[in-house]
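Q: With these hints in hand, go ahead and build the complete structure from the sequences.
Protein chains in written order, with the working numbering: chain A, 1 to 301; chain B, 302 to 681.
Please note that a few of the clues may not be correct.
[Said to hold, decoys possible] Just some of the chain A residues that point at chain B, by a computed CB distance under 10 Å:
1) Ile195
2) Leu196
3) Ala198
4) Ala204
5) Gln208
6) Tyr212
Please keep in mind that the hints were generated in silico from the structure rather than gathered at the bench.
Yeah, the Cβ is synthetic: ideal placement off N, Cα and C, and Gly gets one too.
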Amino acid sequence: MTTLKTKVLPAEGHLAATSSGARARHTPLMPSAGMRRVWLTLLGWGIALIIFFPILWMVLTGFKTEAAAIADPSLIFTPTLESYVAVQARADYFKFAMNSVVVAFGSTLLALLIAIPAAYAMAFLPTRRTKATLLWMLSTKMLPPVGVLVPIYLIFRDLGLLDTRSGLIIVYTLMNLPIVVWMLYTFFKDLPRDILEAGRMDGASTFQEVVYLLLPLTLPGIASTGLLSVILSWNEAFWSLNLTSSNAAPLTAYIASFSSPEGLFWAKLSAASTMAIAPILIFGWLTQKQMVRGLTFGAVK
Amino acid sequence: MATLQLHDIVKRFDDTEVIKGVDLEVNDREFVVFVGPSGCGKSTLLRMIAGLESATSGDILIDGVRMNEVGPAERGLAMVFQSYALYPHMTVEDNMGFSLKLAGVPKEERRRKVREAASILQLEPLLERKPKALSGGQRQRVAIGRAIVRNPSIFLFDEPLSNLDAALRVQMRIELARLHEELDATMIYVTHDQIEAMTMADKIVVLQGGVVEQVGSPMELYHHPRNRFVAGFIGSPKMNFLEVERVSAAATGVEVRLPDGDTCTVPVDGSGLDDDALTLGIRPEHLQLDPQGPLSGRIEVIERLGGVTSLYVRMQDTLVTMSADGNVDSRVGDSLRFGFERDCAHLFDGEGLALPSLARHPLAGLNRQDNRAPAAAGRL
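A: Here is the structure:
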């Protein structure tokens, strides 16, 4: 987030500088281009800091002792790994992390496999009911998950899916499918039909059309859809807390396990949370360019 | 060898009928142009021939074989799209060779065929480039090259020049005509531009509202339009239409009263004509300044093109276009009298149908091939 802001702001500042510079000749009361730029930069950094502050505070707290963590908030303290050691001694972080990775990527892959053909059909072979189907799909996201907790729990129990990775993968896939189909649909719709038709004239079967033309041409969109799905799955807590206990529990369950049984231990909780969000934060950072490119794919083509 | 027949083709989208029963014959090696205003169904018709759109009813026959249920690729056609529809992620070479790749043609042969097509279109230096790095004209040539590589029995063009600037359009028009000769292939070309139709076609199909208004050679359509629509659509600037009154009608000519009160006889077959209100059609190039002429008006706008000057003359409530000499010394506001060549005038009945001319124009049967044949040159 922050790196993105710092990258964008100077460019905006530059634009503002040239336009206000031109205006300044007519209205001497306008602040100079340089001042404007300074203010904009400060504003940008300020907003970024406010957004980022809770995460920063959590990370810092993780490096404090329990005593320091509940004492007056202070930026000056002696960092210690005490909490991390304590956290790792109680629960194996890597086991949870592995579950998160498998479940997040597994469900994303499965969702894409189902959603790509669905979105293809909706974008290129729409019927009169396509729009309504899309809306209906999205409307399923409006239902509070807790509303279907009991039936899903019972189904999972009977099918032996409780506390299994495959069970979570199924739930996450279903959970993200509407969004994934929607996003892919909008990306696919941006692709000129002519290109696929040219492919058909060239003798491509539907499968070849998808593999040789559609997928390579909408890859930025598919990638950003996949990234979003990974992030949503990674952060999902409701189903993971209710459907897993130990074997398949992902990092969200790991954090939760520190908040309840022992009361509030700010430092340990912060350390555990930091470890839980670190992978996805780094992942998001590394792929942020791809994400932005994907999300603005249609707009700037 | 490739011929195409359409029998009573109808296309309905939901409840709207966009093609209302089209019959058409395209001969081998013919250059056929579908022309008409936007929304007339010409592109839909082409897409049905291509197989990208299914016909609601009717038969599409290629070389006598019904193709309605055959997929686009198996029909042996190639299509050039208005947007070029190049594959943006592939190089020019891969774009052109894509159909061969799908057909499982070995790499070496693919390469050879692509180069062959590229040399016809002078695309060799661009083979490694991606479409992004090409100009509009180059993209257009790649799209044509992609079609050539498939060695189709019929080429389909869907408004291929409309994204190019005027100068390039003229150049590509000439190139396409050359290509038609060189490849000796049947081509069907869709355009809304009647100049493209006139210059390239052996046969023009004028469409309006999903109906074929007339089929014929360019000169046939120009000299013997079947109705008011074709008369107005073919020819540039547009034909002038004057409301006239019938004085008498016979098989040897129809006498009409012109807006200014004079009468004149138009050499068309008026037998059986009983409409009183008729429309006289005169092309701008057939109007001439004449101090004794039967028509008069006041110049409203003058467009000087150098060789030709277009005069827009107000006659009561109609604005008449006249193509005058480039050196004509008229001014806006001048009143003038003018006449027209009777033999070139057209007369339309109350329904807009043309009354048949008494004499067929000598060039009406001429088509593009005749322009080149030495025997035809004698006729000219």
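Q: Run every hint past the structure and note whether it holds.
A: Against the structure, the hints:
{"no.": "1", "hint": "Ile195", "verdict": "holds, 5 Å"}
{"no.": "2", "hint": "Leu196", "verdict": "holds, 9 Å"}
{"no.": "3", "hint": "Ala198", "verdict": "holds, 4 Å"}
{"no.": "4", "hint": "Ala204", "verdict": "holds, 6 Å"}
{"no.": "5", "hint": "Gln208", "verdict": "holds, 6 Å"}
{"no.": "6", "hint": "Tyr212", "verdict": "holds, 8 Å"}
Of the numbered hints listed earlier, not one is contradicted by the structure.
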